[in-house]
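Asker: What follows is the residue order along each chain.
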Amino acid sequence: MKLLRVAAAVAVLGLAAGTGRAEESFAQVAEAVNKKLVKLFGAGGIRGLASYGTGVVISRDGYVLTINSHILDTQDLRCHMYDGTRYHCKVVCAEPELDVALVKIGRDKEKIELDEDQFFDVVAAAKRPLAEPGTGILAFSNQFQIATRDEPMSIQRGVIASYGKLYGRLGIFEATYRGDVYVLDAITNNPGAGGGVITTRKGELLGLIGRELRNELTNTWINYAMPFSAKIDVRQPDDKVVTTAILDLVEKKDKYKPVPKAKVEGGGGYTGIVLVPNVVERTPPYVEEVDPNSPAAKAALKPDDLIVYVNGLPVVDINTYHEIMARFRPDTEVKLEIQRGNKLSTVSIKVEKPKGGPKKVAPKKETD
Amino acid sequence: MTYRTPRRAALLLAALVPAAVVAGLALGRADAPKGAALPVNPRVLEAEKQRVAVIEKVKPAVVALFAPGFTNGGSGVLISPDGFALTNFHVVAATGPVFKSGLPDGKLYDSVLVGLDKVGDVALVKLLPKKEGDKFPFAPLGDSDKVQAGDWSLAMGNPFLLATDFTPTVTFGLVSGTHRYQYPAGTLLEYTDCIQIDTSINPGNSGGPLFNMNGELIGINGRGSFEKRGRVNSGVGYAISINQIKNFMGQLRSGLDTDHASLGASVESESEEGALSKVIVKSIIECDARRRGLDVGDQLWSFAGRPVTTVNQYKNVLGLYPKGWRVPIEYRRELENKSVEKKQALVRLMGVQRQELEDKTNAPKPPPGPAAPQRPVPDSPAKKLYEAKAGFANFYFNKQERDRLLGELRKYGGDFTKVQGDWDLSTSGRLYAGGNKGKFIAADLAVKDKGAKDGKNDRVVALLDGLDYSLEPLNQNEKDTAFKDPPESGGLLTAFYHYRQLLAFGMKGGEISHGGTEPLYLPPAPGSTGRVDYAQQRIETEVLRTRFAGIDGKWYFSTKDGSRGQLLAFEVTPERDEDPCEVYLSDYQKVEDKMLPQRIEVRQGDKTYAVLTAKTWKLSPAK
Numbered sequence: 001m002k003l004l005r006v007a008a009a010v011a012v013l014g015l016a017a018g019t020g021r022a023e024e025s026f027a028q029v030a031e032a033v034n035k036k037l038v039k040l041f042g043a044g045g046i047r048g049l050a051s052y053g054t055g056v057v058i059s060r061d062g063y064v065l066t067i068n069s070h071i072l073d074t075q076d077l078r079c080h081m082y083d084g085t086r087y088h089c090k091v092v093c094a095e096p097e098l099d100v101a102l103v104k105i106g107r108d109k110e111k112i113e114l115d116e117d118q119f120f121d122v123v124a125a126a127k128r129p130l131a132e133p134g135t136g137i138l139a140f141s142n143q144f145q146i147a148t149r150d151e152p153m154s155i156q157r158g159v160i161a162s163y164g165k166l167y168g169r170l171g172i173f174e175a176t177y178r179g180d181v182y183v184l185d186a187i188t189n190n191p192g193a194g195g196g197v198i199t200t201r202k203g204e205l206l207g208l209i210g211r212e213l214r215n216e217l218t219n220t221w222i223n224y225a226m227p228f229s230a231k232i233d234v235r236q237p238d239d240k241v242v243t244t245a246i247l248d249l250v251e252k253k254d255k256y257k258p259v260p261k262a263k264v265e266g267g268g269g270y271t272g273i274v275l276v277p278n279v280v281e282r283t284p285p286y287v288e289e290v291d292p293n294s295p296a297a298k299a300a301l302k303p304d305d306l307i308v309y310v311n312g313l314p315v316v317d318i319n320t321y322h323e324i325m326a327r328f329r330p331d332t333e334v335k336l337e338i339q340r341g342n343k344l345s346t347v348s349i350k351v352e353k354p355k356g357g358p359k360k361v362a363p364k365k366e367t368d
Numbered sequence: 001m002t003y004r005t006p007r008r009a010a011l012l013l014a015a016l017v018p019a020a021v022v023a024g025l026a027l028g029r030a031d032a033p034k035g036a037a038l039p040v041n042p043r044v045l046e047a048e049k050q051r052v053a054v055i056e057k058v059k060p061a062v063v064a065l066f067a068p069g070f071t072n073g074g075s076g077v078l079i080s081p082d083g084f085a086l087t088n089f090h091v092v093a094a095t096g097p098v099f100k101s102g103l104p105d106g107k108l109y110d111s112v113l114v115g116l117d118k119v120g121d122v123a124l125v126k127l128l129p130k131k132e133g134d135k136f137p138f139a140p141l142g143d144s145d146k147v148q149a150g151d152w153s154l155a156m157g158n159p160f161l162l163a164t165d166f167t168p169t170v171t172f173g174l175v176s177g178t179h180r181y182q183y184p185a186g187t188l189l190e191y192t193d194c195i196q197i198d199t200s201i202n203p204g205n206s207g208g209p210l211f212n213m214n215g216e217l218i219g220i221n222g223r224g225s226f227e228k229r230g231r232v233n234s235g236v237g238y239a240i241s242i243n244q245i246k247n248f249m250g251q252l253r254s255g256l257d258t259d260h261a262s263l264g265a266s267v268e269s270e271s272e273e274g275a276l277s278k279v280i281v282k283s284i285i286e287c288d289a290r291r292r293g294l295d296v297g298d299q300l301w302s303f304a305g306r307p308v309t310t311v312n313q314y315k316n317v318l319g320l321y322p323k324g325w326r327v328p329i330e331y332r333r334e335l336e337n338k339s340v341e342k343k344q345a346l347v348r349l350m351g352v353q354r355q356e357l358e359d360k361t362n363a364p365k366p367p368p369g370p371a372a373p374q375r376p377v378p379d380s381p382a383k384k385l386y387e388a389k390a391g392f393a394n395f396y397f398n399k400q401e402r403d404r405l406l407g408e409l410r411k412y413g414g415d416f417t418k419v420q421g422d423w424d425l426s427t428s429g430r431l432y433a434g435g436n437k438g439k440f441i442a443a444d445l446a447v448k449d450k451g452a453k454d455g456k457n458d459r460v461v462a463l464l465d466g467l468d469y470s471l472e473p474l475n476q477n478e479k480d481t482a483f484k485d486p487p488e489s490g491g492l493l494t495a496f497y498h499y500r501q502l503l504a505f506g507m508k509g510g511e512i513s514h515g516g517t518e519p520l521y522l523p524p525a526p527g528s529t530g531r532v533d534y535a536q537q538r539i540e541t542e543v544l545r546t547r548f549a550g551i552d553g554k555w556y557f558s559t560k561d562g563s564r565g566q567l568l569a570f571e572v573t574p575e576r577d578e579d580p581c582e583v584y585l586s587d588y589q590k591v592e593d594k595m596l597p598q599r600i601e602v603r604q605g606d607k608t609y610a611v612l613t614a615k616t617w618k619l620s621p622a623k
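Same order as they appear, the protein sequences are chains A and B. With the first letter of the first sequence counted as 1, position 19 gets the number 19 in our numbering; the numbers rise by one all the way through. With the first letter of the second sequence counted as 1, position 286 gets the number 286 in our numbering; the numbers rise by one all the way through.
A portion of the hints provided could be inaccurate.
What the hints assert, rightly or not - List of simulated lysine-lysine pairs, PhoX-like, C-alpha gap at most 25 Å:
1) 202(A) - 49(B)
2) 35(A) - 278(B)
3) 35(A) - 146(B)
4) 146(B) - 202(A)
Unchecked claim - The following residues of chain A were derived to be distant from chain B, with all beta-carbon distances above 10 Å:
5) 31
6) 124
7) 215
8) 256
Just so you know, the hints here were simulated from the structure itself, not pulled from any lab data. For each residue, glycine too, the CB sits at the ideal point set by N, CA and C.
Next comes chain A alone, as it looks inside the complex (with noise of 0.2 Å):
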């Protein structure tokens, strides 16, 4: 009887293969994926900036794990879950350097307990081989904020494109998370995508959408998604450097202590060139002292010279001078063609390492 039944199950599958339409519909997938993701809701709203975000539940109790972003920068941050039920969260715990962080549904002490298929077992997906480049993927994720409530997330589809170091920028600061991650061929650079997932085609856990860079090299938007495994190495004050994991915030949880950094400010360092005042809004970038045994002094620089070009990029004012130089990491050498009088010249120098206290940022611009 029981073998009777298999065979009969057998053979309904094999019609229904036979004669089914080969693009098969992913609709399955897309709510077993959903029912395990939180729409989040938090601080931004203004110039530009989000107000939302996603997040993939990790947990029978309610731990969410979501890119460390601005919106988690509240006391009232909030998610709703798949069934349109709305809930307070707070943030256990964040680590800039993986630019990830965990959050727990409910208030303080409010007892959580999801549904077996509420949540992804995220240790077994980060213990999973790594998706090879070709795969087929599936996006999920709660980009321009389309779903509320009990709306479900957006689906796209797309395949991994490659697998190798992030070099991305945010505005004119360089992304802090510079390790490993899945580049895709689907649109998931959105507001809001950054904490989605992307899955297999079969919905298995891959990886975490990323935030909205911008490729460092080419100034495009990347599409990426971090593995679970993902972890990074960090330079400690002290020199020493520890290895941090996504999988160390999920083990730790509000235990977690975000890895002491060494002090690099982001890219530039030193040239010894000090510009003229930015007062208005597009001071031309005129040098207006130069620091003794400065880089700049060895190259010959005077005041008031005016940059022209950094590495054939072309230099209107102090604002772009400090992005383009922000690039730049120490012991690199850069081309700057200045203009003294009436003539061109091109000069050499070598950025050092950051002297003294925090450098200063140029503001950050709207870019876009």
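Since chain A is already given, all that's left is putting chain B on it; use the hints.
Answerer: Below, chain B without anything else, positioned relative to chain A:
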């Protein structure tokens, strides 16, 4: 997303294309495998074959619309063999009412705007065949309620106006979400209950079709979420669901500049905390919903049969219906003793663009909303099929539909033009008004030809349950109440007068236009108080709108084969902000050479006024 070709970009493109081709060729050579081809999963090949077959099947129906001068354009899709095609309002706003369309057969067709739904961003256009009677290829309409997030889809159209031979560009992707609500862009253009896709759509794709993998039309592409990348594909596009468009199709076909609906009430979530909360009526204006009993504080339970769980869901379902349609709603009211009373009502929807509120005078007004820029209509054979008129997208098509329906009315009911004199109707029936519960009465109604005091105009008289009523519809000094007599009927005398005007005088009786299609809900048994299953009561009808003696009327005709042109019901509205007099006609019988109803049910608001059975119909020629 109409697309305007910037001249410089066009030049640039022209310069780039050969380069791209060359590069492509070079790459092809370099990458060509030296050995045997890689084995490919047969399912992948099968899927590809099916996809190609679907594309080949639907491609001939995809339209490329062009503004005069070919500076601007969009996409569309043919939906009938006689050349009707769907596109976006914002596309025809750029092309103007008379324009040209290209089909993948490589030919350009003269085309004309037919109907508009500005709020829904939909337009119906018509392509003129090259030869009278030529049939166009067309796409079958699907059922967009069956579409699920995760389904594959095909978008076709003319992004960036790339195709100079009108071969559509095909993009393939997932449905990312369904029943999405997108807030109005600007003031009106609202996308309700729309389909979200990651299938690439770009400027120029606007108005083009979204197909399911069976090649059925499930939506019209029209909008995307754009932000930092400018107006190009961001992985988030939206298509207007075909099921919404189906509701508006009758309005579009009859050349209307149609409007979406508003309930007249605003709603909000009762609480933002915890589980899904109730959707509560926050405020309500004087409107039909209020007259039907809906009040502030009531919980909106369902709307047109769909449960209302969030404000977005409510806006989604509201956006599916044209102004003037009636929809059943269910609501709950908490009583003082905390018990909850379940209520239901059939509500007449008002317009979004508030024409009904503003247009109290009969003065012609320019149509509201973002009007197409005024420009001369280009010379084209399609120009003969275009007639501008306020309130209409193209009055030419309204006249066509109106005259056809008037013809069907005559065909079903007979010729009444010879009986333009006295009309006498003698009935007996049951009265429910005035606290009566079906009291047996006699009721006689008559229009007296030239019976007014001035001896020129008509007079309507009634003897009903022993009481006399009189109305001179064309008398400027007639009392307002006379138009609404007998009390609680909503204006039965006015209704009877209008009935004679329509049948005996037709176009000579006043203004008549086609009003598209609407569902008619047959009234429940008189005096019944139980729950009404409105889905069971619903009949699809075609509508005529009239204005006789300064009063609006609306007439519902059967669309069933065999009874086409049968007048099922009509209503007259002597007072705009009050409930009209509704008259339901049935039991048609041949009286001499005319079909006349033997059962006449008169209602106002939620109540039956009376149910009358005709004893004699006496229709006389004019004196």
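Asker: Could you run down the list of hints and mark each one as holding or not?
Answerer: Hints, verified against the model:
1. Distance check on the hinted pair: residue 202(A) and residue 49(B) sit about 23 Å apart at the alpha-carbon level, within 25 Å; holds.
2. Proximity of residue 35(A) to residue 278(B) is assessed by CA-CA distance (about 22 Å); at most 25 Å being required, the pair is judged to hold.
3. A distance of roughly 21 Å separates the Cα atoms of residue 35(A) and residue 146(B); the hinted pair therefore holds under the 25 Å criterion.
4. A C-alpha spacing of about 22 Å is found between residue 146(B) and residue 202(A), which places the hinted pair at or below 25 Å, so the restraint holds.
5. Under the 10 Å C-beta cut-off, the non-interface status given to residue 31(A) relative to chain B is violated; the minimum distance is some 8 Å.
6. Every Cβ of chain B is farther than 10 Å from the Cβ of residue 124(A); the closest lies at roughly 23 Å, confirming the non-interface assignment.
7. Look at residue 215(A): its CB is around 14 Å from the nearest CB on chain B, clear of 10 Å, so calling it non-interface holds up.
8. Its beta-carbon lying about 29 Å from the closest one in chain B, residue 256(A) satisfies the requirement of being farther than 10 Å from that chain.
Checked against the numbered hints above, the structure breaks only hint 5 and satisfies the rest.
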